[in-house]
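Visitor: So you can see what is in the structure, the chains are spelled out below.
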Amino acid sequence: MIEVSELCAGYDKVPILHGLSFTVPKGSLVALIGANGAGKSTTLRAISGMIRPTGGTVRLDGDDITGWSSHRVARAGLAHIPEGRRVFPQLSVKDNLAVGAFSRLTGARARGDVAADLDRMFALFPRLAQRRNQPSATLSGGEQQMLAIARALMLSPSVLLLDEPSLGLAPKLVAEVFEVIAQLKAQAITMLLVEQFAFAALAIADQALILENGRIVLAGSAQAVRDDPAIRSAYLGVEGTDAHP
Amino acid sequence: MRPLPEKLVAPPVLALALLLPLPFVGISNYYVHLGLIVAIYMILLLGLDIVVGYTGETSLAHAALFGIGAYTAGVLAFKLNLGFWVALPASLAVSALFGLLLAIPALRVRGPYLAMVTAAFGAIVQILINEMTFLTNGPMGIRLNRPALLGVLPRDREYYYLVLALLLLAVATVNRIVSSSFGRAFQALRDAPIAADCLGVSVWRYKVYAFILSAALAGLAGTLFAYSERYISPNTYSIELSILFLLAVTLGGPRSRLGALLGAAVVVLLPNLLADIELVRWIAAAIGAVAILIMAARVRRAKAVTSGTLDMPVALCLAAWPAARSLTSVVDFKLTIFGLMILFVVYQMPEGLSGRLFRRSGPAAMRRAAPAEAGLHVVTEADGDLLVVEGLTRQFGGLVALSGVSLTVKRGEIHGLIGPNGSGKSTLINVLSGIYPPSLGSIRFLGQRLDGLPPAAIARRGVARTFQNLQLFGEMTAFENILVALNHSLRGTLFDVILGTPRRRRSEEAARDRATALLGFVGLADLADEKARNLSYGKGRLLEIARALALEPRLLLLDEPAAGLTKPEIEALIANLRRIRDQGVAIVLIEHHIDLVMALCDVVTVLDFGKVIAEAEPQALCRDQKVIDAYLGVQP
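In order, the protein sequences belong to chains Z and P. Take 3 as the starting number for the first sequence in the working numbering and just add one per residue. Take 563 as the starting number for the second sequence in the working numbering and just add one per residue.
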């Protein structure tokens, strides 16, 4: 679980987050909703150590991880899948996944575990299995997103931060990505999800946080947020659907 | 320490004013001569900064360009008996020519490769100077006499004022150039060269400009150096000197005239200070003492003491005090000290000394209040075909990314382009905007062939685009990003910029108003002075649209403009795209948000595996089984 308290962060000394406090309980899926520039990506970055918080604390399963460097946070079991995929283009699909398990190879666990996990990933993402020896640059956008998620899962994380996993994907693939997220939820992985398709995100999330100008203006069950007409018109768009998926 | 605002100090002017009375305050001739060298190096660094700080390239050839300037003066005196006043313009011209030569490799390679090429250039020039004895007198060197000023032969003191006057002129010129469209173009090609080309700002042309300007200043400095030393020989202009110049730019701070001054002062004065061992011991002791104070302050302030809070002061302490006690001669360690300094600067103050000491004044000061309404360029023409693409094929090796694509965009229509990821949509946009030439097929725009033209030429004909992966000029503000695209609206040449002619100023002011209006149009007025790299993904996309509109295009190619936008933001985008269309600008729209495509497009083309599989009105497409299978998955 993640406990964030009074979190402040920004870029070039320009503050973006002004004291966020929230909890992502173990095994639950929390959706982070808000306009562009509200600070959604910044929140994820401050949690995973990609940027250094300027104030407040972040706890991962009870341990204070505030200000840790991102590789240390990753080793502690928190995987962050940043916006825009960022797979290693020259490496094959299999090697991308192996890199995901890198910190485990040097740890106590044996290589056999990693091989088993590779098989588990290929079972979860059959399309990747077909392309296991292809350079990942030759994958389509959707496949690259699947690979980014699979690579993060190779860490065996207890917590997953997902930043816009459906970004730039064709409608058919958006539906597939959401299916994967639902499967991960069934496996009780703790997740914090930033997603442009707010309705689709709220449909699978347990709880929702609404972010505005770096502050949480509303927190509640995903169902309640989805059904509230006032919130809907202010943050989710007038029609009340994403049109797809 | 809180940095002082740069404007308050007007640093270059103030610093130069401080240098002005130098020869009169009872300073020995030795230090007057050092002051002279600082001023000459500063002229060269102003030029090097254009290449390093603004265009983000590397040059290890500047010592050679400096040498070319010096030897232009030397050869003119030695062979033709022509003096200083001929050498001055001649060295500018000759070194500018060599700058042009140097720009050619810079157009092909970047980074470490360019460093190698320029280092080779430097080595060749030095060897040629050494070997071409018939011209340069080879290793024997050349003696020069200073020009007579008002009938007297100048000593260092008088010559110092001559150099200072030329330095002030150089500072003023460089200031004008870098704050103009040229400076913005240089930075644009550093941050996102492809985007610069697609906005009609030719990377090729501006890189050549940058190298020529930089080389000309190096040549000028070389001539002044030759007449300052009154004797030149080839071994001065070695790669070590080039490295020293790069160190000075980094240390002083890139993109700053004050930085050039500080950098020059450090690299010239430091070796001389090091010769005074008593002084060095005091300095080392002071560094140790300051380190202890910093450590104490950090321990008091920090909640938890980690290795990170203490490593730097402890290292300084451990290094400085034994050094203060035991050193007997440090001149031998000059290069080591320079090396440590560069490490320190790179780690601790990437903006250099000037960036650390003075806060840059933002471009807000230059922005003017403008009418909020965009007042887009209205195109009024009869209906008809704007863009006709026929049989377009593009191959990458064995991969056929586009295969026989034909489509027609009519004036004032919004033409959707959809298809699965990897179906060739972005490749089509890249071919239309000239980034890749087509392998086969033709592109006609307003009846003229576009295929085979470079991106900047296509942009100037009225085809603007945005990018799927944002290509913003990250280190520039949102406002400046748009100004880059308004380059086409500015009147006059480089000389108008340097002289600040009225027609140039008027068109600059018009461009600023227009940029303000365009920012307002996409709803980014509040973020005008934010660096583009700090914008969120969706806001960056809006900035790209505003930037493309600054070209006053007839056709706008948008590659996933709604990616990363939330539902309410998409609704605002739809309204904006309609307004753009109503002004007569046709749009080709790649988008995965089907609701956006439905709401906006007059006609939609569907690509799959590089081929057109369907083209129809949006409503009809949703019922097309081929499109549902390939793309939609389910009927929306």
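Keep in mind the hints are simulated off the structure, nothing from the lab. Any given hint could be a false lead.
[Said to hold, decoys possible] Once the Cα atoms are required to be at most 20 Å apart in a straight line, the calculated EDC-like pairs of lysine to aspartate or glutamate come out as:
{"no.": "1", "chain 1": "Z", "residue 1": "15", "chain 2": "P", "residue 2": "913"}
{"no.": "2", "chain 1": "P", "residue 1": "1093", "chain 2": "Z", "residue 2": "121"}
{"no.": "3", "chain 1": "Z", "residue 1": "174", "chain 2": "P", "residue 2": "1092"}
{"no.": "4", "chain 1": "P", "residue 1": "972", "chain 2": "P", "residue 2": "1013"}
{"no.": "5", "chain 1": "Z", "residue 1": "15", "chain 2": "P", "residue 2": "1157"}
{"no.": "6", "chain 1": "Z", "residue 1": "174", "chain 2": "P", "residue 2": "1170"}
{"no.": "7", "chain 1": "P", "residue 1": "1173", "chain 2": "P", "residue 2": "1013"}
{"no.": "8", "chain 1": "Z", "residue 1": "174", "chain 2": "P", "residue 2": "1157"}
{"no.": "9", "chain 1": "P", "residue 1": "972", "chain 2": "P", "residue 2": "1114"}
{"no.": "10", "chain 1": "Z", "residue 1": "174", "chain 2": "P", "residue 2": "1186"}
{"no.": "11", "chain 1": "Z", "residue 1": "28", "chain 2": "Z", "residue 2": "63"}
{"no.": "12", "chain 1": "Z", "residue 1": "96", "chain 2": "Z", "residue 2": "121"}
{"no.": "13", "chain 1": "P", "residue 1": "1173", "chain 2": "P", "residue 2": "1157"}
{"no.": "14", "chain 1": "Z", "residue 1": "15", "chain 2": "P", "residue 2": "1088"}
{"no.": "15", "chain 1": "Z", "residue 1": "15", "chain 2": "P", "residue 2": "1179"}
{"no.": "16", "chain 1": "Z", "residue 1": "15", "chain 2": "P", "residue 2": "1037"}
Only a predicted model underlies this, so the values are computations on that prediction, with no experimental measurement involved.
Visitor: Which of the stated hints cannot be reconciled with the structure, identified by number in ascending sequence?
Guide: As far as the earlier hints go, 2, 3, 5, 13 and 15 are violated by this structure, in ascending order.
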